[in-house]
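S.K.: Chains as they are written, first to last, in our numbering: chain R, 193 to 418; chain X, -8 to 93.
Please note that a few of the clues may not be correct.
As the list claims (entries may be wrong) - Selected chain R positions facing chain X (Cβ under 10 Å, derived; list incomplete):
| hint | residue |
| --- | --- |
| 1 | Gly286 |
| 2 | Phe294 |
| 3 | Gly379 |
No lab work stands behind these hints, which were simulated from the structure alone.
Each residue gets a CB set at the ideal place from its N, CA and C atoms; glycine is no exception.
Residues per chain, in single letters:
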Amino acid sequence: MKEIKKAFYRSLPVMAGYVVLGTGFGILLHNAGYGVLWALAMSVFIYAGSMQYLGISLLTGGASVITTVITTIMVNARHLFYSISMIDKYKKTGKYKPYLIFALTDETYSLLCDDDDHPGENFNRYRFYVSFFNQCYWVAGSVIGSLLGAVIPFSTEGIEFSMTALFIASFTEQWINSKDHVPALTGLACTTACLIVFGPERFLIPAMLLITLVLTLLRKREEKKV
Amino acid sequence: MRAAILIALMALTTMALRFLPFLVFGKKTPKYISYLGKVLPQAIIALLIVYCLKDVSLTTHPFGIPELLAGISVVVMQVWKRNAVLSILLGTAFYMLLIRVI
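Construct all of the structure, not just a fragment, from the sequences and the given hints.
M.R.: Shown next, in the form of structure tokens:
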């Protein structure tokens, strides 16, 4: 019970963002001619926000099988990174492991990636509930949007900033808790440089490669500090 | 039918990306992968912040000012109270206010 409460509390900011962004997705999918069961299927089985938004245009644009697979890899390649950095942390998660891996979105990752000092069954349950609640918000939002099928009567403009704020808060917390700021600064510098060089549509994968390269080159130095 | 196939492909490809590292490195994790696991989270969170702000224009109105001010408010709240839920909810409310007045 304690874990459920803690997980629910920690997931509150994600609720705000996911319900609204999920609703936006449901509305767009509805307007593209796909009803509530399609929205449900996509949010339950794909469960990756930006991919689902893009998926709508793949569905309506008559994309081929190859295009769909390649686009998904390009947009979601960052999930490889999340998984790589959770291998050690999720090692002893037992029966929860498959779902924890499946449900590792940007936001769930940012809630769980720096929490690893409390191993054990209770903590695994907490991780499970954080992951599960987040997906519930996303699914609920998609269904609401699909059923509504039209823009919500009041303005929620700007609420998507809750996702940005979530990452900024995680970044700040990790910064306070860590003596070594090289990885954080590497991430910031490499991503900004790639955004400037490659532009907002294409910088994600170059940025990930550059981050990996720089951190690999810094390995000897970094491991001395640990 | 075609839509169902495409959705299945998106789902399976996304799952493959999420599960692949665990399947390949899960049993015996190379030291290099463990090292990346330690340093990547901070770098990735930084990447995600930039990713969220990628479409903010610094040369046209409102010049990214709402994002900057609201972002600073999240950092200040987090350093001061160390309560992520509070920082995020207040920061978002502040942002929603800013984009309506600036």
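S.K.: Decide, hint by hint, whether the structure agrees.
M.R.: So, going through the hints one by one against the coordinates:
1. Gly286: violated (13 Å)
2. Phe294: Holds, about 6 Å.
3. Gly379: R:Gly379 check passes; min Cβ-Cβ to chain X is 3 Å, inside 10 Å.
Consistency note: the structure conflicts with earlier hint 1 alone.
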